[in-house]
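Novice: Throw the hints in and build the complete structure from the sequences for me.
Listed below are the residues making up each chain.
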Amino acid sequence: MCLGIPGRIVEISDAANKLATVEIGGVRRPVNIACIVDEEYPVERCLGDWVLVHVGFAMSRIDEEQAARTLEALTELGEVQAELAAMRGSGGG
Amino acid sequence: MNVMTPANSPSGRLRAERVTLAHGGGGKAMRDLIEDVFVAAFRNPEMGEMEDQARLTSAALAEPGARLAFTTDSFVVDPLEFPGGDIGKIAVCGTVNDLAVGGARPLWLSAAFIIEEGVEVALLRRIAESMRGAAEEAGVVIVTGDTKVVGRGAADKLFVTTSGLGVIPAERHLAASRVQAGDVAIVNGVLGDHGAAILAARGDLALSGDIPSDCRSLNGLMEAVIAAAPAVRAARDATRGGLASALNEIAQAAEVGIEIDEAVLPLRSEVKGVCEILGLDPLYLANEGTLVLFVPEPQAEAALAAMRAHPAGEGAVVIGRAVEAHPATVVMKTLFGGQRIVDMLVGEQLPRIC
Amino acid sequence: MKYVDEFRDPEKAKALFREIEALAQRIETKDGKPLQVMEVCGGHTHSIFRYGLEAMLPEKIELVHGPGCPVCVLPMGRVDDCLALAERPEVIFTTFGDAMRVPGSRKSLMQAKAEGADVRMVYSPLDALALARDNPEREVVFFALGFETTMPSTALTVLQAEAEGIANFSLFCNHITIIPTIKAILDSPDLRVDGFLGPGHVSMVIGNRPYDFIARHYRRPLVIAGFEPLDILHALWMLLTQFAEGRCEIENQYDRIVDGEGNRQALEAVAKVFELREFFEWRGLGSIDHSGLRMREAYARFDAERRFPVPQVKIADPASCQCGEVLKGVIKPWQCKVFGTACTPETPVGALMVSSEGSCAAYYQYGGGSRERAPVEAAE
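Heads up: the protein sequence lines correspond to chains A, B and C, in order. Mapping of the first sequence onto this note's numbering: residues 1 to 93, in sequence order. Mapping of the second sequence onto this note's numbering: residues 1 to 354, in sequence order. Mapping of the third sequence onto this note's numbering: residues 1 to 380, in sequence order.
Think of the hints as simulated: they come from the structure by calculation, not from any bench.
Ranges of calculated distance between the beta carbons of each label pair, as one might list FRET restraints:
no. : chain 1 : residue 1 : chain 2 : residue 2 : range
1   : B       : R202      : C       : R301      : 30 to 40 Å
2   : B       : D73       : A       : Y41       : 49 to 59 Å
3   : C       : G116      : B       : D204      : 11 to 21 Å
4   : B       : A328      : C       : S105      : 29 to 39 Å
5   : C       : R209      : B       : R308      : 54 to 64 Å
6   : A       : A16       : C       : A316      : 43 to 53 Å
7   : B       : P83       : C       : S320      : 46 to 56 Å
8   : C       : P189      : A       : V80       : 39 to 49 Å
9   : B       : A122      : C       : K272      : 44 to 54 Å
10  : B       : E324      : C       : K14       : 24 to 34 Å
11  : A       : A16       : C       : G116      : 31 to 41 Å
12  : C       : A300      : B       : A328      : 50 to 60 Å
A virtual CB, placed ideally from N, CA and C, is assigned to each residue, including glycine.
Specialist: Dropping the structure here:
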């Protein structure tokens, strides 16, 4: 259900109709950005944003800090395990 | 009827901008279309004899044990022109490749054109010129052909059919059924370019990007590989149905299992992008200049090196091998070390949103 | 590709697999039965099969592939209605590729196209609107389907059509909602599922509050998950951690995309254009109250069901089909009576064989099609 893919907004093509161009792996496609703009976050500010694209609509702005935190948590998980493994190894178990 | 013959009759100049039914009527208009567009592009000694058939000789055929290879293919690509090629180039390369992957040296091609009335003559000229270039590059000669004009709606602009003749030298016996467990599988470059290029070029999905088709002839590459690794067992060009279908055909013909590794499959970033957006699997995207071949392990290095030294094989990589387990089945080790079966598709791969 | 490749990193996956294994050993289940975790969303099912995750998980964990494939659960009667629309000579019928092969009682859209219907695949409802703009003499109908993720896109397209005064565009609305569906599954007496992976992209629209009742009333934990393999494993690890610590909460693994509040603009557009139907029929699950949307009266002129006659005949699921039991995790796909025999992707009998996201189709394709070979993953 609901294929979505991260892309970066590289152009605001029609500010009045809230249309932008998004780039995904070097491929470009027009998208509607009505769901990620409001009075506080106007269309123009979206340039350069990473967004999640679904059926030609930017549905969410990607929180870059959260993404980094998720990856960090996963890395730490690996490190903790490596330490545990080392401890078990040195304990002869 | 071989309509590409009257090379020495007074050559008419085609002035019409678009093809009409008159150009298929058998009269002067047809002669002008054939001469001015096709014969002018393909002119060669074999087709200049004013006969209804090309007459061919080849020393290669006289070698004891040499066999004739004969293939035919129809081309209906839409759009007719796309980044990296057009229907004419594909029609030449596709047939050359069908011969080459069997170990044949392609020599002669026929080309038949079904033209919908209304097609621009300038477009036909470009396509004929592109075919000439592709044939020259592959070292083959277009020796005979045919044109038909049909009413609007009876064909989609232009269909091309090419047949090809080549010679398989006595010592070569490439066949999918000869692949054995332990053989190494090698592809000559990135996967899925043609399929992605066509999807983007159609325009209805509003995708744009630098995605050229991989359309190219592979006979030079095959010669280089066979010279370096004469034990090559089989090769297949991964056209419709992509690499997945080519591998399944080989696995079934040879009754071996095939294992490939997702992590090493070569993919262009743009092709990945198209696949992610449309929910497609690049393993099933069409290629027009990409092959997979199987070679016994001891000669794998030599084959790989020879491919990489050839312009059509610079991106060659080992993608897996044939195995005794799970006969007639292709299994892929995923990025995560998991496994999944790579089956043939039921039908055409469709873009999805779910 | 950024935000994609990092979340497919096999190195990070190794640690997760080991953690999941360790946690699974610690968790005690009733009668030693495996822990059943349902991924509600077909997108998760697709990733699980694509990366071969299932076989790499400990035997203690059993994944149940839930109802979240909107194509699979579309009943035959609705497909027949859509064929009736598509076969009208003035209509250009536009659809996502997913729906092309879904069989109605007589044929699919693919077959209708071959017989002459003007059926066109589009990537976005906006592309359908563009067709309406370019073909003012034709009627363009868009086959609107999908859960909450897709609703805003069709709602906004209708609003755009209204703003531009485009009169020859309409929706055939088959949107369905996730919450009543999860509730229907939770209420079924034979359900064993212990916890859920929540649908990441639906949640990006609706937020995470609507799931509260699952933890509160039904005492089942749910973790909203992204769609990359690391996301799924990470969410599974979070779920197992809840089991191990005796917690039962709604958690969000996909916080780079999902804001707890949901997407206000998207929800407003949906509320403006659509309203709930009293009930909606699902393939495999029967009728579920308030699980479907229709267009509001104010947008009646964009509603294909009001503009054109549709047969609206209810057609029962085939009797031999056990999709409902598969959906609820009561049986595995290959344990169904017709799996791989009468029911194959070429000739689907049940909903779950229809789309590549349906669990039966996934088992069939990635399992090679036979009952013996189907559980390749599960057996290893």
